[in-house]
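Can you build the whole structure from these sequences, using the hints too?
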Amino acid sequence: MGTMQVPTISVRMCMLGIGSVGKSALTLQFMYEEFVEDYEPTKSSAYKRKVNIEDICVEVDITDTAGQEDYAGINDPFYRNNDGFIVVFSLTDKESLKAVPLILERIVQCRGDEQSPVVLVGNKVDLVDERAVPAESAIQLAQKWQIPYLETSARTRHNLEELYQTST
Numbered sequence: 002m003g004t005m006q007v008p009t010i011s012v013r014m015c016m017l018g019i020g021s022v023g024k025s026a027l028t029l030q031f032m033y034e035e036f037v038e039d040y041e042p043t044k045s046s047a048y049k050r051k052v053n054i055e056d057i058c059v060e061v062d063i064t065d066t067a068g069q070e071d072y073a074g075i076n077d078p079f080y081r082n083n084d085g086f087i088v089v090f091s092l093t094d095k096e097s098l099k100a101v102p103l104i105l106e107r108i109v110q111c112r113g114d115e116q117s118p119v120v121l122v123g124n125k126v127d128l129v130d131e132r133a134v135p136a137e138s139a140i141q142l143a144q145k146w147q148i149p150y151l152e153t154s155a156r157t158r159h160n161l162e163e164l165y166q167t168s169t
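Everything in the sequence shown is counted per the working numbering, starting at 2 for the first residue and increasing by one.
Check the hints yourself; a few may be wrong.
Stated by the list, open to error - No farther apart than 25 Å at their CA atoms in a straight line, the calculated lysine to aspartate or glutamate pairs in the DMTMM-like style are these:
#, residue 1, residue 2
1, Lys99, Glu137
2, Lys49, Glu96
3, Lys51, Glu152
4, Lys49, Asp39
5, Lys51, Asp94
6, Lys51, Asp62
7, Lys95, Asp39
8, Lys49, Glu115
9, Lys99, Glu131
10, Lys145, Asp77
11, Lys145, Glu115
These aren't lab readings, by the way, just hints derived from the structure by calculation.
Here it is as structure tokens:
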């Protein structure tokens, strides 16, 4: 008797959000299970990890844009060449939430009618005393765009596995 092979699929995900919201910290914590306190932003980084989701081996290919959405013109490939998107804002920074609709609109512009999974993520939930964004504001935005919303912490790994399972 031969062994049953687990089906494998590849999923390309893109981390989007303005600088300093924790995109890289979430990515590195998911990939290597370590929290990097002082991360030096780079232009773009790509990571791969295999995970099992409902008896399917999923090779997750993550592009961390490191806040490149701030620079006009260089972001189109990030929107066009990915299967899904994780849009991150910081729960300690109201301005980062204000940038989310522009990012979501850009996804729609670049993808056209092609439906792509998008997850809205409020990061830094562990910084309770510094919280500036009420949960209701983020929930309303997610409902308006009909996308799931999760609150995460790269430092404590809160909802980290759920994030990548939801997004794939």
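Tell me the numbers of any earlier hints that the structure contravenes, in ascending order. Violated: hints 2 and 5.
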